[in-house]
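S.K.: Chains as they are written, first to last, in the working numbering: chain A, 1 to 441; chain B, 442 to 769.
Incorrect hints may appear among the rest.
What the hints assert, rightly or not - Each computed BS3-like pair below joins lysine-lysine, with the alpha-carbon atoms no more than 25 Å apart:
#: 1; chain 1: A; residue 1: K84; chain 2: A; residue 2: K235
#: 2; chain 1: A; residue 1: K90; chain 2: A; residue 2: K56
#: 3; chain 1: B; residue 1: K762; chain 2: A; residue 2: K261
#: 4; chain 1: B; residue 1: K521; chain 2: A; residue 2: K441
#: 5; chain 1: B; residue 1: K627; chain 2: A; residue 2: K434
#: 6; chain 1: A; residue 1: K191; chain 2: B; residue 2: K627
In case anyone wonders, no lab produced these hints; they're calculated from the structure.
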Amino acid sequence: MRTSLRMRALASVAAAALLLSGCSAGAGGDGGGDNGGDSSGPVDLNYWAWAPNLDKVVDIWNTKNPDIHVTVNKQDGGDPAITKLLTAIKAGSGAPDMIQAEYQKIPTLVASDALADLSAVGANDIKDKFPDAVWNSVTLGGDAVYSIPQDTGPMMAYYREDILKANNLTVPTTWDEYAETARALHKADPKVYLGTFSANDAGWFTGLSQQAGASWWSIDGDAWGVDIDAEATNKVADYWGGLVEEGVIDNKPMYTPAWNKGLNDGTQAGWVSSVWAPGVLSGNAADTAGKWIAAPLPQWDASNPSDGNWGGSSTGVTTQSKHPKQAMEFITWLNTDPEAIQALIDTSGIYPAATEAAAGALTEPPAFFSNQPDFYDVAAKVAQTVAPFTYGPNVNVAYSAYNDEFAKAAQAKKKSAFLDAVGAMQEITTADLKKSGFTVK
Amino acid sequence: MTLLAPPKAPADTAGSPLGTRSGRRRRYDVRTRIITPYLMLAPGIILFAAFMLAPILYTIYLSFQRTQVVGLGLGSGARKQVFAGVANYVSALTNPEFAASVGRVLLYGLILIPTMLGLALLFALLLDSRRTRAAGFSRISIFLPYAVPAVISSLLWGFLYLPAVSPFYFVFDKLGWDVPSVLSSKLVLFGIANIALWGGVGFNMIVMYTSLKAVPTEIYEAARIDGASEVQTALRIKIPIIAPALVMTALFSMIATLQVFAEPTLLRPLTNSLSTSWSPLMLVYRDAFTRDNIYSAAATSVVIAVATFAVSFLFLRIVQKRAFGQED
Numbered sequence: 001m002r003t004s005l006r007m008r009a010l011a012s013v014a015a016a017a018l019l020l021s022g023c024s025a026g027a028g029g030d031g032g033g034d035n036g037g038d039s040s041g042p043v044d045l046n047y048w049a050w051a052p053n054l055d056k057v058v059d060i061w062n063t064k065n066p067d068i069h070v071t072v073n074k075q076d077g078g079d080p081a082i083t084k085l086l087t088a089i090k091a092g093s094g095a096p097d098m099i100q101a102e103y104q105k106i107p108t109l110v111a112s113d114a115l116a117d118l119s120a121v122g123a124n125d126i127k128d129k130f131p132d133a134v135w136n137s138v139t140l141g142g143d144a145v146y147s148i149p150q151d152t153g154p155m156m157a158y159y160r161e162d163i164l165k166a167n168n169l170t171v172p173t174t175w176d177e178y179a180e181t182a183r184a185l186h187k188a189d190p191k192v193y194l195g196t197f198s199a200n201d202a203g204w205f206t207g208l209s210q211q212a213g214a215s216w217w218s219i220d221g222d223a224w225g226v227d228i229d230a231e232a233t234n235k236v237a238d239y240w241g242g243l244v245e246e247g248v249i250d251n252k253p254m255y256t257p258a259w260n261k262g263l264n265d266g267t268q269a270g271w272v273s274s275v276w277a278p279g280v281l282s283g284n285a286a287d288t289a290g291k292w293i294a295a296p297l298p299q300w301d302a303s304n305p306s307d308g309n310w311g312g313s314s315t316g317v318t319t320q321s322k323h324p325k326q327a328m329e330f331i332t333w334l335n336t337d338p339e340a341i342q343a344l345i346d347t348s349g350i351y352p353a354a355t356e357a358a359a360g361a362l363t364e365p366p367a368f369f370s371n372q373p374d375f376y377d378v379a380a381k382v383a384q385t386v387a388p389f390t391y392g393p394n395v396n397v398a399y400s401a402y403n404d405e406f407a408k409a410a411q412a413k414k415k416s417a418f419l420d421a422v423g424a425m426q427e428i429t430t431a432d433l434k435k436s437g438f439t440v441k
Numbered sequence: 442m443t444l445l446a447p448p449k450a451p452a453d454t455a456g457s458p459l460g461t462r463s464g465r466r467r468r469y470d471v472r473t474r475i476i477t478p479y480l481m482l483a484p485g486i487i488l489f490a491a492f493m494l495a496p497i498l499y500t501i502y503l504s505f506q507r508t509q510v511v512g513l514g515l516g517s518g519a520r521k522q523v524f525a526g527v528a529n530y531v532s533a534l535t536n537p538e539f540a541a542s543v544g545r546v547l548l549y550g551l552i553l554i555p556t557m558l559g560l561a562l563l564f565a566l567l568l569d570s571r572r573t574r575a576a577g578f579s580r581i582s583i584f585l586p587y588a589v590p591a592v593i594s595s596l597l598w599g600f601l602y603l604p605a606v607s608p609f610y611f612v613f614d615k616l617g618w619d620v621p622s623v624l625s626s627k628l629v630l631f632g633i634a635n636i637a638l639w640g641g642v643g644f645n646m647i648v649m650y651t652s653l654k655a656v657p658t659e660i661y662e663a664a665r666i667d668g669a670s671e672v673q674t675a676l677r678i679k680i681p682i683i684a685p686a687l688v689m690t691a692l693f694s695m696i697a698t699l700q701v702f703a704e705p706t707l708l709r710p711l712t713n714s715l716s717t718s719w720s721p722l723m724l725v726y727r728d729a730f731t732r733d734n735i736y737s738a739a740a741t742s743v744v745i746a747v748a749t750f751a752v753s754f755l756f757l758r759i760v761q762k763r764a765f766g767q768e769d
């Protein structure tokens, strides 16, 4: 009796130990690509991505390339995927071979040594397929290539054409005209706004500042510069702060049930957004299909058109991957091959970064904009004018400072509070860099 | 707590039924008697060490570290983890955002805990009163919100708080009332307290009701014979008798208050009046996962844990004498 009890206790200890080692083995195996060397035999590659239906595009590759099998591991979105990757990098194992990374995340990933330099496996051969400004954001201006561009998000403005017409208004081409239009609309019906200033979307404000000529970070030798509190950003903050203070632009965040309702019932009669907006609008306000018109962003200087970027991502290879060569082969196909580009447009609904390959594929407007056959001509035109912008190693800190500081400002509805928020962003971002030991000029 | 202590075992008869074995046998017995309990405890100890103790020790270790960057901080070897001394603790304790978040949850607790426990006690007493009808149904309906996860209830209430989509505001609008948004900066604290209240009353009510049920009915009979009314019985007999349950629910509520996270985190995207550092745990979450500074987040976590321990201990010391006094 006693012996059997002791045996049972021992057995449960052994079981617990097995359970523990099982856990750690599971975590280690997550990285994939454990089989063999770099040259021969089929290779398994793991790919963390969140673009919708990307697995279907990858299926095309898998049927054609039995030697390099790619498994898409669906992620919740840009932020959670990066958080998970950084954790795996810190842990030393568990990272995938490839990762979908937004452009503003690249410096953070490079700073954590998460992305492999692809110039060693021939990344520079496909440099010509992408616009210079986009390529610059994956090299950070140096010799290394940390990622291959997949899609971009040139900003565009969207308006309810029927509502503008009913009020005898036209699509604004400058920010002054946009303000006038917003005033006129709101005066005609105090419930209607031409747009909203969203303190939740730092990327949106970054794109607007980029259009005005801001570049929030800079590299000078071995030092980083932070230039958030500069003339261009202040111009944008002053403009929107003025409209919010006046009350002709809404101050509530985007992507809330209330905002969705506004898109549906026309109380949000416009949206300053990006080339991917049709996907969001068709999901959130399907019944308004055909009532919208897409246009370039209003301009600060109509004679010198400029644009900002909101969204867009690239494909990087992690430093934990054992097969960077094969990964590069797949990424090159995914982001430059005409068949892959066509599939990305059709099934994932993205705006590809490889301009030439995309031009042939983007002939039809998105279904939601069937009333506007030249939708992609407008997009191609504004994509050419995207202003250069450098992201720094602590975009996450600057963005979270944006959320908090501009939430306060939007709540206060004071122009001066908007300008204070820019100052606070500058201060928080600089202090964070200094605290980590960066040299800040 | 002392109520729960098991009755003393009558006598140690199970251990050694016969005291007349050979010396060899006895040595074996002693050894097994010492080793066996540990072997049987081992699964628990191992799991506790692996999933509780190790993370806590690791958190404490991390709280004394920081990142040191070389040059531009790009590429391999550009970032090192170095010893930081108490720097993380100093910055956690001097951070105005942390002080502000603590202030907010204290105010939140002052509003929430008395209201929640007061309502829970009221419902428990009503359910326990002799005249109650449909007690089973009422008990379940009051308890049911507790079964709704905080994430779901926050989303539900979020919808109800947004004037543009809320049926309440639709009615207010039709009546011509100008009701300010619950999500505005002045009222958002009450909005969050309301979600916690809605979910928490039922649980606390059940705890109190259960301990009311454990009271021998002879006491009530005696009170009735002495001419005590229902209200007098409740105030003079029921409440004093269930005081230990009240203390426990108060303690659990205080700890839950200090750890409020899900409700404000889920309401945040809907409004400008909640910051990413609204509550102490939101600040920890932001530092660790948004700002990628696990060292500072670890230090803040340790401060919160120590403060929670201190507050709980102090609270028990102050009220224990009164609540459990009669049992000593």
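S.K.: Confirm or reject each hint.
M.R.: For each hint, the structure was consulted:
Taken as a hint, the K84/A and K235/A pair is broken in the structure, with Cα atoms around 36 Å apart against an allowance of 25 Å. A C-alpha spacing of about 31 Å is found between K90/A and K56/A, which places the hinted pair above 25 Å, so the restraint is violated. A threshold of 25 Å between alpha carbons decides the hint, and for K762/B with K261/A the separation of about 56 Å lies outside it, so the pair is violated. Proposed proximity of K521/B and K441/A is supported: the alpha carbons are some 21 Å apart, at most 25 Å.
Using a Cα cut-off of 25 Å, the hinted pair K627/B and K434/A is violated, with the two alpha carbons roughly 35 Å apart. For the proposed pair K191/A and K627/B, the alpha carbon gap of about 23 Å is at most 25 Å, so the pair holds.
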